[in-house]
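Place chain B on chain A using the hints.
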Amino acid sequence: MSWFKRKDKGILTPTENKKEAPDGLWFKSPEGKIIHTRELKANAYVVPDEDYHVRIGSAEYFEILFDNNKFTELDANMSSADPLKFVDSKPYPDRIKATQKKVGLNDAVRSAHGKMNGLDITVACMDFAFIGGSMGSVVGEKIARAIDYSLQNNIPFMMISKSGGARMMEAGLSLMQMAKTSAKLALLSEKGIPYISLLTDPTTGGVTASYAMLGDFNISEPGALIGFAGPRIIRETIGKDLPKGFQSAEFVLDHGFLDFIVDRRNLKSRLTTLLTMLQ
Amino acid sequence: MLDFEKPIVDLEDKLSDMKKLAKESNVDVSQAVESLEVKISDLKKETYQNLTRWQIVQLSRHPDRPYTLDYIYAMTDDFVEIHGDRSVKDDKAMVGGFGTIAGETYMMIGQQKGRNTKQRQMRNFGMANPEGYRKALRLMKMAEKFNKPIITFIDTPGAFPGLEAEERGQGEAIARNLKEMFMLKVPVICIIIGEGASGGALGIGIGDKVLMLENTWYSVISPENCSTILWRSWEFKEQAAEALRLTGKDMKKLKLVDGIIKEPLGGAQTDLKWMANEVKKSIVKETKALNALSVEDRIAKRIDKFCQMGVVEE
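Chains as they are written, first to last, in this note's numbering: chain A, 340 to 618; chain B, -5 to 308.
The set of hints was computed from the structure by calculation and includes no laboratory data. A couple of the hints might just be wrong.
[Unchecked claim] Counterexamples of contact, computed for chain A against chain B with all Cβ distances above 12 Å:
| no. | residue |
| --- | --- |
| 1 | G349 |
| 2 | N407 |
| 3 | S419 |
| 4 | T438 |
| 5 | K440 |
| 6 | D540 |
| 7 | E560 |
| 8 | F596 |
| 9 | S608 |
[To be verified] Sample of chain B residues lacking proximity to chain A, with all beta carbon distances greater than 10 Å (derived):
| no. | residue |
| --- | --- |
| 10 | T46 |
| 11 | T99 |
| 12 | G165 |
| 13 | Q263 |
[To be verified] Chain A regions said to be covered by chain B (calculated; three or more residues, Cβ under 8 Å):
| no. | region |
| --- | --- |
| 14 | 426 to 433 |
| 15 | 476 to 488 |
Yeah, the Cβ is synthetic: ideal placement off N, Cα and C, and Gly gets one too.
Just chain B, same shape as in the assembly:
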């Protein structure tokens, strides 16, 4: 439960107590139950339709939120995971492989977070090392070779800022992906499913279509780190979140992403099956549209789109 969800959870607890009491004492409380249910539903709408940017950041990190492999397994009929960058190791924070949706094969790649302490350690909290980005690129090149569209799932608090990451060229790995992804001959669709933090997110984020789930964020820095640097304290994260304009709506308005995929009320974690189906529908629809373009057109449009980004005065 997130802090702003407490009033809802309190009411839900009250409702279940009421139902329990009614059952035990045989008193008719159906009217009270009904009014409470309406109240809960209203409060939910009120809360989730008016989320602040910081609350959206919180939802994007909800402990029950679906991760890359959750979507992949929920969407695909078959999935073959592929490991390793053929150079250093297999980065468990970056996963990928071929999967099928409605008879079509896609290359699916994404950052992967862990659900419990052990998994989180193994997945390095979704923070990839250079070998993760190189693994992603290897898989993308393979998709290109076999002419399969690429789907990337973005969910990372950032590329890992470690000693070995620097030794193995974290900056170079991300930079190379940016450049190479522009020239991929196959359609590329990128979907932000949780956190889209900075270069670590962009490292698999160059797509013909870049979509954001409703309760996700995408920016150059996390609100906490922004607060630390600009306000010299962790405490201004809410303000930083507002200032950064980091939600899907903001990013769409600024023309930095192409679209938003709606989530169920309360967030993606409340209904994985429904959510995965929405994501699947978007993938199928966008791929179809992108397949209608020639390779040259697709690449030219991809480049042109990103080259339009930015606002200057002359």
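Excised from the complex, chain A in its bound form:
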């Protein structure tokens, strides 16, 4: 009965011979389904059978949308300044640098132009991994310039939002990015260039109250959280629990603020159909 007993004590494998399972090889869905990440990727990061849409970032969306993952990135090197000298638990520039190092992104949005099933398109996509996808000067400016690119080249613009809202560490500057992006979208609208706004999980705060809700087409993915105020704040304000499904994409569609909800696996083909109709 001693077959399970360790003969030698301690870990004897030298560190250099240590074997590690590669990180993130398997993905566990909220319902407990285990799926290989290769399979997940092949399925547009949607868990098969469950239709659960995994939160993904700009790299994944670009891969899903652009033909052969070929695109030209715009303003890739833009990053945050610190005009307010903002300090909370640590100085803002330190926070930016630490986040850049940790997540390998320069800020919370990336923009690019390329072809989607042969159609020219500019896409700006937010990354939630970068300080909650918060909108500061860089996010505002990059979106504004991406819209400029669409204006100059007369090609459709698509915004993929995923954000907790404005970036507090840029205070008033962050607030005015709502204005700036809306101004550019007004110009895009005047020119009759299509604007598709994809609101993904989660889209709240100042992002909802500006570019995310200004699409010719406001669309979303199943189950995404979309709102102006966050659920916690609303719960505190009204002093009651919120109804089930409140602020879900389905709820927002029901109340008339989304044009349609699309399964991510069909996103590219649906957009292609729609944009082709508008040509």
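Below, chain B alone, put in the same frame as chain A:
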């Protein structure tokens, strides 16, 4: 009375006691009265000219501070209030209508707070619902139709974060206003008269000229909420106020607003008539300058101004 005003009020109480005593006892205290008056005046200057950012936030919420309708009634010769968004209801937190100043008609719109408990409830503490923003936009479009300049008065702790507000698209309502206000053919002047909190303020804040009264604040979040989120406690509001750079001076320096309207010593509530006259003078002056521009130029400049906002590194 605000906490930092206590030393002033104490001295003022002392002064009135002294005067009363002198009257009753027939003692000549004129010298003491005079020196105390000088002391009070010095202390007032000392206090109000060196306000911390948090103290300015406090003044912006002073219970006696003039609200939108106070300014409108004090400035206009005639005013016709207009209600409703033509869709859901009349939002009492957002008021508006046509008013005349020196024979010229303006569309005046603003968030409205209440003075007592009942009014505060009716006005929802100046927190508009989506129908408030849609009412504001309806009025702006009407002003455009009749070629009248638009004045907005901003004074809100934020757009209302309620269940029905979400159902009726609070985010969409504000977003639409931002976009539509850029394209308005008439001059737009926005004046922050109290609190300018976040998207709820910006929702009526896209103007050719954006002005702040001296003791007001304008930022992406209130100092209290910022403190709660970043410091995980309500207690760091003073620090948060400093960090947010939310006063008129700060915002002007950052080129996020165009100008500051001076207030009387102690704040707008100490002299509504004087204050309203200052606001009126600014409105008349700015409108005149804006009317000199062509419609196209005005819109282009408005867009360009906001597109310049932000600081990045490349």
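Hint by hint, here is what the structure shows:
Even its closest Cβ contact with chain B, about 41 Å, leaves G349 of chain A beyond 12 Å, as expected for a residue assigned away from the interface. Annotated as non-interface, N407 of chain A keeps its C-beta farther than 12 Å from every C-beta of chain B; the closest such distance is 29 Å. Not every beta carbon of chain B lies more than 12 Å from that of S419 of chain A, the smallest distance being close to 7 Å; the non-interface claim is violated. With a closest Cβ-Cβ approach of about 15 Å to chain B, T438 of chain A is found to remain outside the 12 Å limit, as its non-interface label requires.
Every CB of chain B lies more than 12 Å from the CB of K440 of chain A, the least distance being 16 Å, so the non-interface label holds. Distance check on D540 of chain A: its Cβ is at least 15 Å (rounded) from any Cβ of chain B, clearing the 12 Å threshold; non-interface status holds. Here E560 of chain A stays apart from chain B, with its beta-carbon at least about 17 Å from theirs, past the 12 Å limit. The claim that F596 of chain A is not at the interface with chain B is violated, since a C-beta of that chain comes within 12 Å of its own (minimum 5 Å).
For S608 of chain A, the condition that its CB be more than 12 Å from all CB atoms of chain B holds, with the nearest at approximately 27 Å. No beta-carbon of chain A is positioned within 10 Å of the beta-carbon of T46 of chain B; the least distance is around 16 Å. Listed as a non-interface residue, T99 of chain B keeps its Cβ farther than 10 Å from every Cβ of chain A; the least gap is roughly 26 Å. For G165 of chain B, the condition that its CB be more than 10 Å from all CB atoms of chain A is violated, with the nearest at approximately 3 Å.
No Cβ of chain A comes within 10 Å of the Cβ of Q263 of chain B; the nearest lies about 25 Å off, and the non-interface call holds. Coverage of a stretch by a chain is defined here by at least three residues with a beta carbon nearer than 8 Å to that chain's beta carbons; for the region 426 to 433 of chain A and chain B the count is 3, and the condition holds. As drawn, the region 476 to 488 of chain A meets chain B at 5 residues by the rule of a beta-carbon pair under 8 Å; at three or more, the given contact holds.
The structure fails hints 3, 8, 12 (numbered hints given earlier, in ascending order).
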